[in-house]
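One line per chain: the protein sequences are A and B, in this order. Just so we're aligned: 278 in the working numbering is position 278 of the first sequence, and the numbers increase by one with no gaps anywhere. Add 296 to a position in the second sequence, counting from 1, and you land on the number used in the working numbering.
It is worth saying that the hints were derived from the structure and are not from the lab. Using N, Cα and C, we set each Cβ at its ideal position, and we do this for glycine too. Any given hint could be a false lead.
Output of the computed footprint for chain B on chain A, the stretches with three or more beta carbons under 8 Å from beta carbons of chain B [unchecked claim]:
#1 56 to 63
#2 111 to 118
#3 140 to 150
#4 161 to 169
#5 188 to 196
#6 204 to 213
Derived, one-sided and incomplete: chain B residues facing chain A with beta-carbon distance under 8 Å [unchecked claim]:
#7 404
#8 483
#9 499
#10 501
#11 562
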Amino acid sequence: MKKIFIFTLLIILNLSIANKVFAATVDIVPSKNLVGIGEQFYVDVMVAMESGESVNAISGSISFSNDNISFLRAEEGKSIINLWVEKPKSVDRSINFAGVISNGFSGVINPFNPDKKLPGLVIRLIFEPKNSGNVSFSTSKFSLNLNDGLGTEIFAEPSNAYVDVGDFNDRLVLINNQDVEPKLEASVTKDPNIFNNKFFLIFNATDKESGIKNVRIKEGRRDWKEIESPYLLLDQSRHSSISLQAVNFSGAGVSLNIDKIPYNWVSLIKIVIIAIIIVGVIGLIVRKIYVYKHKN
Amino acid sequence: MFRISILKKIICFIFVVSVLIPQFVFAVDIISPVTINAIVNPVGGGGNESGGGGGGSGGITLPTVVNFSGMAYPLSKVYILKDGNMAVTTIADQAANFSVSLSGLNTNTYSFSVYGEDNRGKKSSMFSFSISVTSGTTVNIGNIFLSPTIDVDKSDVKKGDNLIIFGQSIPKNEITISVHSDPERFFKTLSNTMGAYSYNLDTSILELGSHLTKSKAILDTQISLDSVPASFTVGLENKTKDTNSCSKFRGDLNCDGRVNLVDFSIMAFWYKKPNPPAKIDLNGDGKILLVDFSIMVFNWTG
Numbered sequence: 001m002k003k004i005f006i007f008t009l010l011i012i013l014n015l016s017i018a019n020k021v022f023a024a025t026v027d028i029v030p031s032k033n034l035v036g037i038g039e040q041f042y043v044d045v046m047v048a049m050e051s052g053e054s055v056n057a058i059s060g061s062i063s064f065s066n067d068n069i070s071f072l073r074a075e076e077g078k079s080i081i082n083l084w085v086e087k088p089k090s091v092d093r094s095i096n097f098a099g100v101i102s103n104g105f106s107g108v109i110n111p112f113n114p115d116k117k118l119p120g121l122v123i124r125l126i127f128e129p130k131n132s133g134n135v136s137f138s139t140s141k142f143s144l145n146l147n148d149g150l151g152t153e154i155f156a157e158p159s160n161a162y163v164d165v166g167d168f169n170d171r172l173v174l175i176n177n178q179d180v181e182p183k184l185e186a187s188v189t190k191d192p193n194i195f196n197n198k199f200f201l202i203f204n205a206t207d208k209e210s211g212i213k214n215v216r217i218k219e220g221r222r223d224w225k226e227i228e229s230p231y232l233l234l235d236q237s238r239h240s241s242i243s244l245q246a247v248n249f250s251g252a253g254v255s256l257n258i259d260k261i262p263y264n265w266v267s268l269i270k271i272v273i274i275a276i277i278i279v280g281v282i283g284l285i286v287r288k289i290y291v292y293k294h295k296n
Numbered sequence: 297m298f299r300i301s302i303l304k305k306i307i308c309f310i311f312v313v314s315v316l317i318p319q320f321v322f323a324v325d326i327i328s329p330v331t332i333n334a335i336v337n338p339v340g341g342g343g344n345e346s347g348g349g350g351g352g353s354g355g356i357t358l359p360t361v362v363n364f365s366g367m368a369y370p371l372s373k374v375y376i377l378k379d380g381n382m383a384v385t386t387i388a389d390q391a392a393n394f395s396v397s398l399s400g401l402n403t404n405t406y407s408f409s410v411y412g413e414d415n416r417g418k419k420s421s422m423f424s425f426s427i428s429v430t431s432g433t434t435v436n437i438g439n440i441f442l443s444p445t446i447d448v449d450k451s452d453v454k455k456g457d458n459l460i461i462f463g464q465s466i467p468k469n470e471i472t473i474s475v476h477s478d479p480e481r482f483f484k485t486l487s488n489t490m491g492a493y494s495y496n497l498d499t500s501i502l503e504l505g506s507h508l509t510k511s512k513a514i515l516d517t518q519i520s521l522d523s524v525p526a527s528f529t530v531g532l533e534n535k536t537k538d539t540n541s542c543s544k545f546r547g548d549l550n551c552d553g554r555v556n557l558v559d560f561s562i563m564a565f566w567y568k569k570p571n572p573p574a575k576i577d578l579n580g581d582g583k584i585l586l587v588d589f590s591i592m593v594f595n596w597t598g
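This is chain A alone, in the form it adopts within the complex (with noise of 0.2 Å):
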């Protein structure tokens, strides 16, 4: 009986790792273990899929353990993830993000040894330290939907990481100096399901290098304004000009500009023409009035 009992232990085990076998493992590699005060440095958030599983969608957070080292911004340019539903936001010493992966990912093919797949950046955390001492990374419970069509939930278990700031003072700033112009794609459309059916604007900005910074809009005569995708236009009537620009954290930009739908000069001339046939009718009016009473 003992040995019926260790050889359903071990059918258990061996199910319990079968089912692993859909796991992602998510990972954070920090560029240093070791940082002088205002050295600053990256985390970056891995992604690795097991067996030929491909995910399409990732969400999760990471935080870190107190204000020794303060967040300076997320660099998305070298990341899987090509649309985000969620930017990467810091609230509270905890970065949170969301986003979907087109056609999904099963890991980074090296074309030099293609036989194994390598983990995939999510995104790139830059921080700098103000004071020494220990510093914890942990993620949460990342959620990952599978490239099924069907978006099959999994999770990849949380992870850690640890940076030691020692006290000494090391000043270095991160800075992407490579010269890369960020890609800007927008157009105009409307449709019943977003906005009450009005114009509004999509757009995607792409930054293969340190990511979008921002993305701002001019419209007509209006002041520059920063804006997210989608955006309700201001001129529903599509007769003002419209500039968007794009610029990464390097500080290059890119500019793009929507036609404008110009005036249909022969219904406004038509306009004008039944506008003053009008004014004139009623001015005859008034003045046959006018000569009437004055007659009597």
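Fit chain B to the known structure of chain A by using the hints.
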């Protein structure tokens, strides 16, 4: 004693099977023998990207190229997406072979998707992968064997009547059609010189209810990807498939025949908002969450 011995054998058998089955199932994730290799381009080896100038080797930019080749359908359109955006299209030759190059890339990780479109506008399943590209190298992605396309002539078929399953693949080749029923059934047919195939399925062998059918092509040792499944219902009456329906793909929210940034933006507008339109809520749970985006981007066409 005898009973325990039998029990032990059964347990051993279950154990061995439970060890082997998961490994067998997951070991076959590469169903198409795609070949991937890379070469470092020689300095001064030419190429239309060679920049130059300035004297000295510091200003030389070596060409960085990714070549895609494989099989689609005779004279069909083949699309290559880069990071979800349409990057290049090409036309397959009469024998269904295609070959296309993408240049102007920097050192980075790119996500590529390849799909074909048959002569009726029906699309193959996606062949997608992420690859690390190094500046100054040529990466060759060969033997991409796109799935056949598949469709059915009726959305509802009266049990016992025939259902025509048809599509396009490589020319003059055996096509295997599977109908996901209980049990799953397999049928074989041949494609013609244009790669078109059809099969007249006698539905009397199928149970009443919903069914899925998909197809694949086998050429020598190469197996294509599985087609995108087509659905039909075996019932009490025939209903011709509505070809004008906008729901060709789940996620095509604005009915333009594509799943792209416009659809993503429409869905993003409703993310975590109350009472989204039923059409946007792809899994029908009354809210727009990441799972709805997942269903949408599975069908992404760029």
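Here's how the hints hold up against the structure:
Closer than 8 Å: that is the beta-carbon criterion, and the segment 56 to 63 of chain A has 3 residues meeting it against chain B, so the requirement of 3 holds. Proximity of the segment 111 to 118 of chain A to chain B, defined as three or more residues with a beta carbon under 8 Å from a beta carbon of that chain, is established by the 4 residues found. As drawn, the segment 140 to 150 of chain A meets chain B at 7 residues by the rule of a beta-carbon pair under 8 Å; at three or more, the given contact holds. Interface restraint, the segment 161 to 169 of chain A with chain B: violated (0 residues with C-beta to C-beta distance below 8 Å; minimum three).
Taking a C-beta to C-beta cut-off of 8 Å, the segment 188 to 196 of chain A contributes 5 residues in contact with chain B, enough for the three needed, and the coverage statement holds. Under the rule that three or more residues need a Cβ within less than 8 Å of chain B, the assignment of the segment 204 to 213 of chain A holds, with 3 such residues. Evaluation of the residue 404 of chain B hint against chain A yields a held restraint, the C-beta minimum of about 5 Å falling below 8 Å. The interface hint given for residue 483 of chain B is broken, as the beta carbon of that residue sits about 23 Å from the closest beta carbon of chain A, more than 8 Å.
Taking 8 Å as the C-beta cut-off, the interface hint given for residue 499 of chain B is violated, the closest approach to chain A being about 25 Å. For residue 501 of chain B, the interface hint is violated, the least distance from its beta-carbon to any beta-carbon of chain A being 27 Å, above 8 Å. Hint on residue 562 of chain B holds. Least Cβ distance to chain A is approximately 5 Å, under the 8 Å limit.
Of the hints listed earlier, those the structure fails to meet are numbers 4, 8, 9, 10, in rising order.
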